[in-house]
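Kindly produce the complete structure, drawing on both the sequences and the hints.
Now for the letters of each chain:
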Amino acid sequence: MIEKQFWRWSAWLWFAFTIVFVYAPVVAMVVFSFNQGQSFGGWEGFSCKWYQQFLGSEDMVHALSGSLLVGCLATFFSVILSLLVVVASKWWRPWWLLEIFMVNFVVPEIFVAVVILNIFVFLKIQMGLISLVVGHTLLGFGTAVPLFRTAFSELQHALLDASLDLGATYLQTLRYVILPILKPSIIYVAFLIFSLSMDDFFINFFCSGVGFPTVSTYVYTTIRAYVDPSLNALSSSLFFLSLALVLLLTLSQSIDGIFSDD
Amino acid sequence: MIKKIVRFWERFATLRSLILAVYIGIFLLVLYGPKIYRALQYKNELNICTFADLIDTELIERFEKATGIKVNCKYCELDPEMWAQLKITGGGGLDLVTPADFVASRLKQAGLLQKINKSALRQLAGCHPIFLRKDFDTGLDYCVPFAWNYYSLGYNKEFFAKHQTIPDSLQAIFEPQKAFADKPALLKDYKFAVFEDNPHELIAMGCLYLLGNDMQQLANQKVCDKVIKLFVNHKHTYLYAYVAANMRYYLTSVVPVALSFVSQFKDLIEEQPELFGTQVPKEGTVFVPQNFCIPFGAKNVAAAHKFIDFFLTNEMLLEVFYTGGYLPVKTALLEQLREEIAFSSLIPNEKEMQQFCAGALPLTLKQVEQTWLAVKTAKTKVGH
Amino acid sequence: MVQYVVYLVKKSFKQEFGFVLAMPAVIWQICFLLLPALVLFWRSLFTIDSWGVTLANYVSCTGATYAAAIYNSLVLAYLTALACLLFCLPLALVINFHIKRELRTAVLLFLMMPSWTNFIIRIYSWFFLLRNDGMLFRILQGLGLLNAGSSLLANQVVTIVVMVYCYFPYMLLPIYNCISNINPRILEASGDLGASSWQTFWRVILPLSIKGIGSGWLVVTLVSFGEFAVPELIGGGKYAYWGNLVVNNFLLLSDYNAGSAVIFFGILVILASLLLIYAALKLLLLVLSHFVTIPQKLLRLNFAD
Numbered sequence: 001m002i003e004k005q006f007w008r009w010s011a012w013l014w015f016a017f018t019i020v021f022v023y024a025p026v027v028a029m030v031v032f033s034f035n036q037g038q039s040f041g042g043w044e045g046f047s048c049k050w051y052q053q054f055l056g057s058e059d060m061v062h063a064l065s066g067s068l069l070v071g072c073l074a075t076f077f078s079v080i081l082s083l084l085v086v087v088a089s090k091w092w093r094p095w096w097l098l099e100i101f102m103v104n105f106v107v108p109e110i111f112v113a114v115v116i117l118n119i120f121v122f123l124k125i126q127m128g129l130i131s132l133v134v135g136h137t138l139l140g141f142g143t144a145v146p147l148f149r150t151a152f153s154e155l156q157h158a159l160l161d162a163s164l165d166l167g168a169t170y171l172q173t174l175r176y177v178i179l180p181i182l183k184p185s186i187i188y189v190a191f192l193i194f195s196l197s198m199d200d201f202f203i204n205f206f207c208s209g210v211g212f213p214t215v216s217t218y219v220y221t222t223i224r225a226y227v228d229p230s231l232n233a234l235s236s237s238l239f240f241l242s243l244a245l246v247l248l249l250t251l252s253q254s255i256d257g258i259f260s261d262d
Numbered sequence: 263m264i265k266k267i268v269r270f271w272e273r274f275a276t277l278r279s280l281i282l283a284v285y286i287g288i289f290l291l292v293l294y295g296p297k298i299y300r301a302l303q304y305k306n307e308l309n310i311c312t313f314a315d316l317i318d319t320e321l322i323e324r325f326e327k328a329t330g331i332k333v334n335c336k337y338c339e340l341d342p343e344m345w346a347q348l349k350i351t352g353g354g355g356l357d358l359v360t361p362a363d364f365v366a367s368r369l370k371q372a373g374l375l376q377k378i379n380k381s382a383l384r385q386l387a388g389c390h391p392i393f394l395r396k397d398f399d400t401g402l403d404y405c406v407p408f409a410w411n412y413y414s415l416g417y418n419k420e421f422f423a424k425h426q427t428i429p430d431s432l433q434a435i436f437e438p439q440k441a442f443a444d445k446p447a448l449l450k451d452y453k454f455a456v457f458e459d460n461p462h463e464l465i466a467m468g469c470l471y472l473l474g475n476d477m478q479q480l481a482n483q484k485v486c487d488k489v490i491k492l493f494v495n496h497k498h499t500y501l502y503a504y505v506a507a508n509m510r511y512y513l514t515s516v517v518p519v520a521l522s523f524v525s526q527f528k529d530l531i532e533e534q535p536e537l538f539g540t541q542v543p544k545e546g547t548v549f550v551p552q553n554f555c556i557p558f559g560a561k562n563v564a565a566a567h568k569f570i571d572f573f574l575t576n577e578m579l580l581e582v583f584y585t586g587g588y589l590p591v592k593t594a595l596l597e598q599l600r601e602e603i604a605f606s607s608l609i610p611n612e613k614e615m616q617q618f619c620a621g622a623l624p625l626t627l628k629q630v631e632q633t634w635l636a637v638k639t640a641k642t643k644v645g646h
Numbered sequence: 647m648v649q650y651v652v653y654l655v656k657k658s659f660k661q662e663f664g665f666v667l668a669m670p671a672v673i674w675q676i677c678f679l680l681l682p683a684l685v686l687f688w689r690s691l692f693t694i695d696s697w698g699v700t701l702a703n704y705v706s707c708t709g710a711t712y713a714a715a716i717y718n719s720l721v722l723a724y725l726t727a728l729a730c731l732l733f734c735l736p737l738a739l740v741i742n743f744h745i746k747r748e749l750r751t752a753v754l755l756f757l758m759m760p761s762w763t764n765f766i767i768r769i770y771s772w773f774f775l776l777r778n779d780g781m782l783f784r785i786l787q788g789l790g791l792l793n794a795g796s797s798l799l800a801n802q803v804v805t806i807v808v809m810v811y812c813y814f815p816y817m818l819l820p821i822y823n824c825i826s827n828i829n830p831r832i833l834e835a836s837g838d839l840g841a842s843s844w845q846t847f848w849r850v851i852l853p854l855s856i857k858g859i860g861s862g863w864l865v866v867t868l869v870s871f872g873e874f875a876v877p878e879l880i881g882g883g884k885y886a887y888w889g890n891l892v893v894n895n896f897l898l899l900s901d902y903n904a905g906s907a908v909i910f911f912g913i914l915v916i917l918a919s920l921l922l923i924y925a926a927l928k929l930l931l932l933v934l935s936h937f938v939t940i941p942q943k944l945l946r947l948n949f950a951d
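Chains as they are written, first to last, in my numbering: chain H, 1 to 262; chain D, 263 to 646; chain X, 647 to 951.
Derived from the structure by calculation, the hints contain no laboratory data.
Nothing here was measured: the structure is a model prediction, and the numbers come from that model.
Check each hint, because a few of them may be wrong.
[Unchecked claim] Calculated lysine-lysine pairs in the DSBU-like style (CA-CA distance at most 30 Å, straight line):
(1) Lys370/D x Lys497/D
(2) Lys424/D x Lys124/H
(3) Lys349/D x Lys124/H
(4) Lys857/X x Lys183/H
(5) Lys266/D x Lys90/H
(6) Lys124/H x Lys628/D
(7) Lys124/H x Lys561/D
(8) Lys657/X x Lys265/D
(9) Lys332/D x Lys124/H
(10) Lys183/H x Lys746/X
(11) Lys124/H x Lys377/D
(12) Lys49/H x Lys327/D
(13) Lys484/D x Lys641/D
(14) Lys370/D x Lys124/H
(15) Lys424/D x Lys497/D
(16) Lys265/D x Lys305/D
(17) Lys336/D x Lys49/H
(18) Lys124/H x Lys336/D
(19) Lys440/D x Lys491/D
(20) Lys660/X x Lys90/H
(21) Lys124/H x Lys568/D
(22) Lys183/H x Lys928/X
(23) Lys657/X x Lys266/D
(24) Lys305/D x Lys124/H
(25) Lys4/H x Lys90/H
(26) Lys657/X x Lys183/H
Structural data, given as C-alpha cells:
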C-alpha cells in the first residue's frame, strides 16, 4: 500500500513538473506581452500597446502573412497529393510508390533545404514563395504519407470493391466512399502539416528569397539587432492561433481517439 | 533486352506518357510562369542587398518618395553572405550591393562587378583620404565608399570606475590577466563579449594585437596558429553574443566590456553617457568601410546610380549615422560630428585614425573559415 | 479536337486511375528531392579547384576541425535523445496509468500545444525566460542558488534542456502509443503473481514498449543531429556544429561541392553510429544475460516496424 502511494505521489509530481517545464516559457511570454514597460524583470501594469505596435508594424504583418500563405498552400498541396498517392497505391502498385516518400521523414531537414536551394539555383528560378511552398510540401509528404497509409490500410477494402462492383466509377468511389471515411485523418493531417509549416525554421532559412519574409527569418534577423517587446506580442498571437485551432478540433469531436486505439 | 524495351514502350506509349507529359507541362508552367510574367512587365524597381542596421527602412522610404522608384531590400548578416549571393546568381537579380572592402575586392577579382559611371554621381567629393588608399586595389571605379565602422571597446563605466581603471587596450580582451594584474577583484568572474561573429575581422584584430599592423604575416601557418591559440585560451571568458538582444542587457547584466562595432554602442552612449563608454584600443583597430557596388548583371543601372547619389548627400549620410551608427566618409561631416558633445567619444580623432588598420588578410575565404572553425571546435574548461 | 481531349481525360480516369492520381506527388518528389539529391551527390565528387572525380571533399571532412564539429553534433544528438527518453518515459507511464481514459487525448494535446508554435519563437521564449535581468534569474539569485557571476545562459546544460523542450514530442508519441497498447490484464496478472511495481516495469512494461522507445530514439537523434540554431542562440555560439559547416559552405563560401560532401558525410556518420550503437547494445545485453535474467523481448531488441 505504501509503495502504491509512493508511486502515485511521484507520478503526480513528475506530471506537475512537466506541465511547469512545458508551459513556463509560453506563460512568461504571454504575460510579458501585456506588460506596460519594456523591462523583463518586473511587471509594470497591463497594457495592449505591444499588440498595437505589432499590428502596426508593416514588417511583422508582412512576415506573418507570408508564413500563413506558405502554410496554407503547403498544407493544401501536401494533403491532397499524399492522399491521392496513398489511394492510388491500391490500383497502381509498383513496389517503389510509397517507399520513395520515406526519405523526407528520415533525413535531417537541412538536407531537404539544401537540395531545394541547389535545384532552384540550378534552374535559375528566383527563390521566394515557390521555393518555400515546394520545400514545405516535401516536409508535409514526410508526415502525411505514413499517416494516410496507416489510415487507408485500416479502411476495409471490401467496401471499395463493393462500390466498384455496384457500378461506381473510380472517381465516384473516391468521392463518396473513401473521403468520408478518411475525413478525421485528413483533418488531423492537415492541422499537423499546417503547424509543421508555420514552425519550420531550416527550410525558411535556406530558401527564402528577396522580399519574401517569413516569421522564422524575421525573428532570426531582428533578434540579432535588438529585442523588440512586440516580438512577444507576435509569438503570443501565434500561440493563441494554434490554441484556437486545437480547441476547434477537439470540440468538434473530429479527432477523438487519434493518439491510440482506445 | 531490346525486345523488352520495345514491349515496355508499346505497352505504355499512349496514355501514360501523355498523362506524364501533361503533368510535367503544368509543373514547368507553374515554376517558370512568374519569371516570364515578371520579365514581360517592366517596372522601375531597384533590388538591393544590404545589412539590416546599415540603411534604415525609413531612409529607403524617403528615397522611394523622392524618386518614385520602388526598392526591394534583401538583408544579409555577414559580408561573405553577400559574396555568396552574387556568386550563386552570377551577378543577376540584384542591382546594388553594399559589401565591405575585403568582399568588394574579391567580387572585383571574380569579375562580378561593373564600372560605376562617375559622371552620373554629383556628390562624390569630400571623401576622407583613408578610404582612397589602394590597399584593396579597388580604386573608385567599382566601389564607392559611403559609410564605415570600426571595432571599439564598449564598457560599463560604473564597473570600471569601481576598480579605478578603464579598458583602453586590446589586452583587456586577449590577456586580461596581464592587463589587470594588480586588480584581482576585477578578474574574478571576468567575461567579455564579442558582438559580431565576423571571423575575417576578428582574426585581423588578433593579428593586430600580436604583431601590429603587418597582416601579411598571416600567410605563415605558424602565425595563424598563434592567433588561434590566443582566442582559444580565452574561450571560457568569451561570450559570442549572437543574440545581440540588447547591448544594454549585456553590458549591464552579463559582461563589463565588449568588443564590437562602434555603431552598436552609439545608442547606449547617447542615452546614458554616464553609464556606458567607448574606447579606441591603444594598439589601433580594424575599420570596415562599406561600399556601394553594382553587380555585373544589374538591370536597373540608372536607378542604382540615383540611389548612390541620393545617399551620398551630406544630409543622408548624417541620417545613416543617426539611425544606424555607421560613420560618414566625408571629412567635413566627421568634423561636424566631433563638435557634438553626444558623439565626440564615438568619432576618433586624426591621430587615432592613422593607426587604423584595413584588415587585409592574405587568406582565402576558405582559409578564414578553417581558422575560425579551429577556434570554435577547440575544447575549453568543462561546463562552458 | 476538344471532344478528343475530353475522351482522353475520361479514358485515363477509367483505365489508369492509379497512375493519374499518383503522378503529381511522385513527380514532385522525384524532381524536387530525389533527382537533385543525386545531382548533389555527383557534385560532391568534384572539387572547385581541380578536374575529375575525386574524394578530396570527403577526405577534408575527416580533417581535424570538420571532424570535431561533426563529433559535437553527434554528442548533442545523443545527449538530447537520452535526456528526452528520461523525460518522456515516466511521462508516458504517468499519462497512461494515472489519468482517466477520457482525459488522455486532451492531456496529450495540452502538452503538445506549445510545440505547435514557431521553432525560433520557442528558442526565443527560453532565452527570454533565462535572461540575466529576468524574473527567473532574480528569483534563483535571491534564493541563493546562483553565484553573482554565473549566468543561466551560455552553458551546455541549458542547451540540452532547451533541445529537450523542442524535441520531446517526437519521443513522447511513439512511446505513449506503445504503452497504451499494453493489455492491462497482463499488468494485473503480473501484480497477482507477486511482482512489485518496479519488477513489473522492468520485466513487463519495458520489453513491450521497446518498439516505441526505439522509433522515438531514432527520430530524435536524426532530427537533432542537424540542429545548429539552439546551441548558437542559447549556448552562446561557442562551438561549431555540423549544421554550421553546412551553412558556411552553402551560404558563405558558395562552395556547393564541399557542402554536399559535408551533408552526405554527416548523414553517413549518424546512420552508421546508430547501427553501431544498436549492435553494441545487443552485445551488451547478450553478455549481461549470462549474469542476470533478462526478458526475452528486451534481449531480442526488436525495433522493426
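Checked hints:
Using a Cα cut-off of 30 Å, the hinted pair lysine 370/D and lysine 497/D is violated, with the two alpha carbons roughly 36 Å apart. A hinted pair counts as satisfied when its Cα atoms are at most 30 Å apart, and lysine 424/D with lysine 124/H does not qualify at roughly 60 Å. For the given pair, lysine 349/D sits about 13 Å from lysine 124/H by alpha-carbon distance, which is consistent with the 30 Å threshold. Restraint check for lysine 857/X and lysine 183/H: the C-alpha separation of about 29 Å stays at or below 30 Å, so the hint holds.
This hinted pair checks out: lysine 266/D and lysine 90/H have alpha carbons roughly 26 Å apart, not beyond 30 Å. A C-alpha spacing of about 25 Å is found between lysine 124/H and lysine 628/D, which places the hinted pair at or below 30 Å, so the restraint holds. Taken as a hint, the lysine 124/H and lysine 561/D pair is honoured in the structure, with Cα atoms around 16 Å apart against an allowance of 30 Å. In summary, the hint linking lysine 657/X to lysine 265/D is supported, as the alpha carbons are separated by about 28 Å, within the 30 Å threshold.
Simply put, lysine 332/D and lysine 124/H have alpha-carbon atoms about 24 Å apart, close enough for the 30 Å limit, and the pair holds. At most 30 Å may separate the alpha-carbon atoms for a hinted pair to count; lysine 183/H and lysine 746/X meet this at roughly 27 Å. Using a Cα cut-off of 30 Å, the hinted pair lysine 124/H and lysine 377/D holds, with the two alpha carbons roughly 25 Å apart. With a CA separation close to 29 Å, the supplied pair lysine 49/H and lysine 327/D stays within the 30 Å bound.
Note on lysine 484/D and lysine 641/D: the hinted pairing holds, with a Cα-Cα distance of about 20 Å set against a maximum of 30 Å. Annotation: proposed proximity of lysine 370/D to lysine 124/H holds, straight-line Cα distance about 23 Å (limit 30 Å). Simply put, lysine 424/D and lysine 497/D have alpha-carbon atoms about 26 Å apart, close enough for the 30 Å limit, and the pair holds. Distance hint between lysine 265/D and lysine 305/D is unfulfilled; the C-alpha atoms sit about 56 Å from each other, more than 30 Å.
About 29 Å separates the Cα atoms of lysine 336/D and lysine 49/H, which keeps this hinted pair within 30 Å; it holds. The suggested pairing of lysine 124/H with lysine 336/D holds, with an alpha-carbon distance near 18 Å, which does not exceed 30 Å. Our distance criterion of 30 Å between C-alpha atoms is met by lysine 440/D and lysine 491/D, whose separation comes to about 16 Å. Of the pairs offered as hints, the one joining lysine 660/X and lysine 90/H holds, with about 14 Å between alpha carbons and a cut-off of 30 Å not exceeded.
Restraint check for lysine 124/H and lysine 568/D: satisfied, since their Cα atoms lie roughly 28 Å apart, inside the 30 Å limit. For the given pair, lysine 183/H sits about 42 Å from lysine 928/X by alpha-carbon distance, which is inconsistent with the 30 Å threshold. As the CA atoms of lysine 657/X and lysine 266/D are separated by approximately 26 Å, the hinted pair is consistent with the 30 Å bound. Proximity of lysine 305/D to lysine 124/H is assessed by CA-CA distance (about 20 Å); at most 30 Å being required, the pair is judged to hold.
Only pairs whose Cα atoms come within 30 Å are accepted, and lysine 4/H paired with lysine 90/H is rejected, the gap being roughly 50 Å. At roughly 28 Å between alpha-carbon atoms, lysine 657/X and lysine 183/H fall within 30 Å of each other, so this suggested pair holds.
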